[in-house]
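Trainee: Place chain B on chain A using the hints.
Chains A and B, in that order, give the protein sequences. Following our numbering, the numbering of the first sequence begins with 1 at its first residue and continues without gaps. Following our numbering, the numbering of the second sequence begins with 1 at its first residue and continues without gaps.
A couple of the hints might just be wrong.
Which copy is meant is left open, because identical chains are indistinguishable; a pair holds if it fits in one copy or across any two.
[Stated by the list, open to error] Straight-line distance between alpha carbons at most 27 Å, and here's what the computed BS3-like set of lysine-lysine pairs gives: (1) K202 x K129; (2) K141 x K129; (3) K129 x K146; (4) K146 x K201; (5) K141 x K194.
It is worth saying that the hints were derived from the structure and are not from the lab. Predicted, not measured: the structure shown is a model, and the values here were computed from it.
Number of protein chains: 2
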Amino acid sequence: MYQLHYWPGIQGRGEFVRLALEASGTPYLDVARGPQEEGQGLPAMMAVFDSPDIARPPFACPFLVDGRRVIGQTAAILHYLGPRIGLVPAGETDRLWVHQVQLTIADLVAEAHDVHHPVGSSLYYEEQKDEALRRAEDFRKNRIPKFFGWFETLLERNPPNNGAVVPHLVGARLSYADLSLYQVVDGLLYALPKATRRALKKTPFLAALHERIPTHRRVAAYLASERRLPFNEEGIFRHYPELDG
Amino acid sequence: MYQLHYWPGIQGRGEFVRLALEASGTPYLDVARGPQEEGQGLPAMMAVFDSPDIARPPFACPFLVDGRRVIGQTAAILHYLGPRIGLVPAGETDRLWVHQVQLTIADLVAEAHDVHHPVGSSLYYEEQKDEALRRAEDFRKNRIPKFFGWFETLLERNPPNNGAVVPHLVGARLSYADLSLYQVVDGLLYALPKATRRALKKTPFLAALHERIPTHRRVAAYLASERRLPFNEEGIFRHYPELDG
Numbered sequence: 001m002y003q004l005h006y007w008p009g010i011q012g013r014g015e016f017v018r019l020a021l022e023a024s025g026t027p028y029l030d031v032a033r034g035p036q037e038e039g040q041g042l043p044a045m046m047a048v049f050d051s052p053d054i055a056r057p058p059f060a061c062p063f064l065v066d067g068r069r070v071i072g073q074t075a076a077i078l079h080y081l082g083p084r085i086g087l088v089p090a091g092e093t094d095r096l097w098v099h100q101v102q103l104t105i106a107d108l109v110a111e112a113h114d115v116h117h118p119v120g121s122s123l124y125y126e127e128q129k130d131e132a133l134r135r136a137e138d139f140r141k142n143r144i145p146k147f148f149g150w151f152e153t154l155l156e157r158n159p160p161n162n163g164a165v166v167p168h169l170v171g172a173r174l175s176y177a178d179l180s181l182y183q184v185v186d187g188l189l190y191a192l193p194k195a196t197r198r199a200l201k202k203t204p205f206l207a208a209l210h211e212r213i214p215t216h217r218r219v220a221a222y223l224a225s226e227r228r229l230p231f232n233e234e235g236i237f238r239h240y241p242e243l244d245g
Numbered sequence: 001m002y003q004l005h006y007w008p009g010i011q012g013r014g015e016f017v018r019l020a021l022e023a024s025g026t027p028y029l030d031v032a033r034g035p036q037e038e039g040q041g042l043p044a045m046m047a048v049f050d051s052p053d054i055a056r057p058p059f060a061c062p063f064l065v066d067g068r069r070v071i072g073q074t075a076a077i078l079h080y081l082g083p084r085i086g087l088v089p090a091g092e093t094d095r096l097w098v099h100q101v102q103l104t105i106a107d108l109v110a111e112a113h114d115v116h117h118p119v120g121s122s123l124y125y126e127e128q129k130d131e132a133l134r135r136a137e138d139f140r141k142n143r144i145p146k147f148f149g150w151f152e153t154l155l156e157r158n159p160p161n162n163g164a165v166v167p168h169l170v171g172a173r174l175s176y177a178d179l180s181l182y183q184v185v186d187g188l189l190y191a192l193p194k195a196t197r198r199a200l201k202k203t204p205f206l207a208a209l210h211e212r213i214p215t216h217r218r219v220a221a222y223l224a225s226e227r228r229l230p231f232n233e234e235g236i237f238r239h240y241p242e243l244d245g
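Bound-form chain A, shown alone:
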């Protein structure tokens, strides 16, 4: 069974992998959230970072363990899982395209994090609030519209989306990038609801994607379950009202 390792208590980057596993109905073990007495929990994750026996240790979590393989970097995990769990089209060209979109989503996620941590992750938000106020302004005015505009263009130019109830990034079927795009929009709606709603008014395909993905049967079941952690102020998407506007 696939083992996902990620910080317990936050959705974070692990959530992009979780959504793909859940939407495809793939069994997995969420190791760091499991019981220590069964060899799981945070110590099991830290052991992978600390073990001198792992020739190719990940730099950070999330990472996926599949038998003897240890795979880090969210986008690389999804690139690996995609064909195995049926969440990318066949063919190198389409797969590389979905991966390219995923990498751009990852860039947006990193920027969404840095909005509240523009100086560094080693400091608390309260220690970098002045810097965060300035960065948030740039993020709301320039970055969200630029990223959303690009996603909208992709959705507009994907032919099957004309008249489709659920728009997709590639072709007429769900890919892991659709799920990730849903997640980043959902996170931004939590963190910066005013700015994000304003941007979504100009990107109707993206707004429809965000609205429709949660109606997918397995996604709906996951979102309603206890496995879906709520957003909070420890994760990537944090709601600090002073940063919105």
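Mentor: Just chain B now, kept in the frame of chain A:
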């Protein structure tokens, strides 16, 4: 012939692709640096972003054009090129590993950029110097050592490196990730020489890799050519002495 599109005048992220093409002796056209009267130059690059006929436009440069394919995201370009230009091992596992390392190098590159632009790319450095001073301190103290420490671990745990003149990240042969790792160290030595030299003292394999890559025949010829742009204060790696220490 491969067409590389990137801002003329800076090494930037384009340089990671250039180094791979050059080290492998692959012919390519550096489009935006070419003559406008021959249909090249910056307008040729901007046309790709602006054309409504491109179904899958890149979000940003660099991007690679290979026939009808347009591929964006530096790490995705290298993942695509790697097997075609002989700069990754055979086999999915090794290729995904090299890609994973490349994605982590990309994370370091993004952070190196944000050191001088912690508030946003839409503002000048001078408009965010106070924020940059704080971010640089965190970057020097925490981030460079963390990334360099991970790269050193990978080099230590790659068996062929024991006694090798040129250490490699994977196996005993040059990969595009080796070239990118050289480039990010070289850029950091330019931008933050004191902090980077201090970190390299604790990472002898990484220091050796940085020292030896430029002795590769084709890399040496490239670095001595006019095709290699000098580092400058318009690129990712900028030398602002006040940020070093």
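Trainee: Please go over all the hints and tell whether each is borne out by the structure.
Mentor: Going through the hints against the structure:
1. K202 x K129: Neither: 29 Å inside a copy, 34 Å across copies.
2. K141 x K129: both (18 Å within a copy, 21 Å between copies)
3. K129 x K146: Answer is both: 24 Å inside a copy and 25 Å across each meet the 27 Å cutoff.
4. K146 x K201: Close inside one copy (14 Å), not across copies (41 Å); limit 27 Å.
5. K141 x K194: within (12 Å within a copy, 36 Å between copies)
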